[in-house]
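2 protein chains.
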Amino acid sequence: MIWLNGAIISETEARIDPFDRGFTLGDGLFETARAYDGRPFRLEDHLARMQRAAEELEIPLPLDMPGVADAVGALLQANRLEGGDAAIRITLSRGSGPRGYNPPHDPKPTLLIAAAPYTPPVELCSAAFVEVRRNEGSPTSRMKTLGALDNVLATIEAEERGAEEAILCHNAGNVACSARANLFAVIAGRLVTPPVAEGVLPGIARRVVLEIAATLHLGAEERALLPDELRQAEEILLTNSLFEIRSVGRLDGGEIAGRALGARLRAEYRAMTRLG
Amino acid sequence: MIWLNGAIISETEARIDPFDRGFTLGDGLFETARAYDGRPFRLEDHLARMQRAAEELEIPLPLDMPGVADAVGALLQANRLEGGDAAIRITLSRGSGPRGYNPPHDPKPTLLIAAAPYTPPVELCSAAFVEVRRNEGSPTSRMKTLGALDNVLATIEAEERGAEEAILCHNAGNVACSARANLFAVIAGRLVTPPVAEGVLPGIARRVVLEIAATLHLGAEERALLPDELRQAEEILLTNSLFEIRSVGRLDGGEIAGRALGARLRAEYRAMTRLG
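Residue numbers (this note's numbering), protein chains in the order written: chain G, 1 to 276; chain X, 1 to 276.
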């Protein structure tokens, strides 16, 4: 079952209009959150991020944020996911419109929520730098937009290089993120992550990790990161709201040996998710 | 009426699956072509461009190119557009897939064709540089992908600056194109247009203009173009397959006085469309 514009219906019954600008122009946003034991984690942060981006894009929200949270809860129940781990996807588009880029003056946005059981991948992964660049000069690189084809291409490219995760630089050459996650390097024992201004999504898991680092006085810095610094990092971590924290064991075939800080952050992160 | 995956049906009857990757990830392509007196102009060039990009994205085509051309013809007839000018939009997505960026191994692409009567805007327009950058470091900037939100944002930004057309630079600072068109500057009497490598769509109307320029020995050069060169250009032309050639009369409020080359190219272009 999915939640579409106010109703919980079966997937086969659900219809997106062929002139929905989400389909025709990628004109919309999405959020991916995880539920633990049926409880969405940091849902309010996801919804606040969507709301901020929707304001910037001038897409009105068809529902207030508590309303969306209620819809998520109802959908988890309808899909019998109250007791388990689930991936929740919330999709917002500007809705249908006539041909052309100019938004309709009176948009009727589409809001779609889907939820499915979720099992995280193993904690250790391989990664590769890819050719596709992150567009640091567009505000959309700091939003989770429906135009995710660069991430798809990056993922295909990484797979062709025999790696699971794709590391993207921006046009000026600094490291930005992975195709599906934010990125942390451990350099001289300290966490380093590229700032959002480098064309990086302000990830919710990224924020949780920064909060944990602050609480534990681990020392974490948001600063520009060069590809060579990443290659020589003691440890590399990828973070997103679904798989939480993955450790990169190999980058472009070279070994990244460190695991300790990742393990510590992972334990703290998991404790938070189970607390609630 | 629209053409969807082999059938001509009414818009209200047509259904895009909520898990179509065109909707969820902008994972697909589109083409916009114009029909004159019911005859699509350079449709083979549009379809060849779509085919090249689809191969690069590893999206299989559900129909061969003559099949798509036949479908376009049938749709024009169904919409009683055989005798008039029409805008044709062909949309190809990778089809439905499970959550995540990895493409499904056995994609079932969605192919959608729409056609509507078309009336071009006036030939003269105003333009403004916008903040949004073109992503010169991604292959998708050289394709007409479903992820067009940067163009939507650029169009909104231009409108806020009181201009109709948005001029985009890439991250390294050169001029790339407008949100909905390719761009030519007339400098010292010669046509200059940014090369495709600068994050520019290889436009079909752009190619027609380059062909006309070659035939008439007008002198046309594909080279990097600086914003200041554009501001000081004698003439600025925007080209796309729908409105053909628009002359920019004002850029960021400053007058661009020249019209002669635009008028000459427009006459040649129109002669070709009525012949062809």
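Worth flagging that the hints you see were computed from the coordinates, not collected in a lab. Mixed in with the good hints, there may be bad ones.
[Stated by the list, open to error] Computed footprint of chain X on chain G, listed as stretches where at least three residues anywhere in the stretch have a Cβ under 8 Å from a Cβ of chain X:
(1) 12-19
(2) 34-47
(3) 93-102
(4) 155-167
(5) 170-176
(6) 214-222
[Unchecked claim] Anything over 10 Å on all C-beta distances counts as not near chain G; from chain X, calculated:
(7) E11
(8) D20
(9) G22
(10) G28
(11) L63
(12) A69
(13) G83
(14) L112
(15) R133
(16) E136
(17) A188
(18) R190
(19) A197
(20) L210
(21) H217
(22) A267
For glycine and all other residues, C-beta sits at the position ideal for the given N, C-alpha and C.
Exclusion check [R190(X) not at the chain G interface, CB over 10 Å]: holds (29 Å)
Chain G versus H217(X) - minimum CB to CB distance exceeding 10 Å, so not interface: Fine: 35 Å to the nearest Cβ keeps H217(X) off the interface.
Assertion that chain X covers the segment 155-167 of chain G - criterion: three or more residues, beta-carbon distance below 8 Å: holds (count 3)
Outcome, coverage of the segment 93-102 of chain G by chain X - at least 3 residues whose beta-carbon is closer than 8 Å to one in that chain: Holds: 5 residues of the segment 93-102 of chain G have a Cβ under 8 Å from chain X.
R133(X) and chain G, when compared Cβ to Cβ, separated by more than 10 Å: violated (3 Å)
No chain G beta carbon within 10 Å of A69(X)'s: holds (20 Å)
Cβ contact check, 8 Å cutoff: the segment 170-176 of chain G against chain X, three residues minimum: holds (count 3)
Non-interface claim for A188(X) versus chain G (Cβ beyond 10 Å): holds (30 Å)
Coverage claim, chain X over the segment 214-222 of chain G, checked by counting residues with Cβ within 8 Å (three needed): violated (count 0)
Chain G versus G22(X) - minimum CB to CB distance exceeding 10 Å, so not interface: violated (5 Å)
Assertion that A267(X) lies outside the chain G interface [Cβ separation over 10 Å]: A267(X) is indeed farther than 10 Å from all Cβ atoms of chain G, at 26 Å.
Coverage claim, chain X over the segment 34-47 of chain G, checked by counting residues with Cβ within 8 Å (three needed): Per the Cβ count (0), the hint is violated.
In this structure, the earlier hints numbered 2, 6, 7, 8, 9, 10, 14, 15 and 16 are contradicted, and the remaining ones agree with it.
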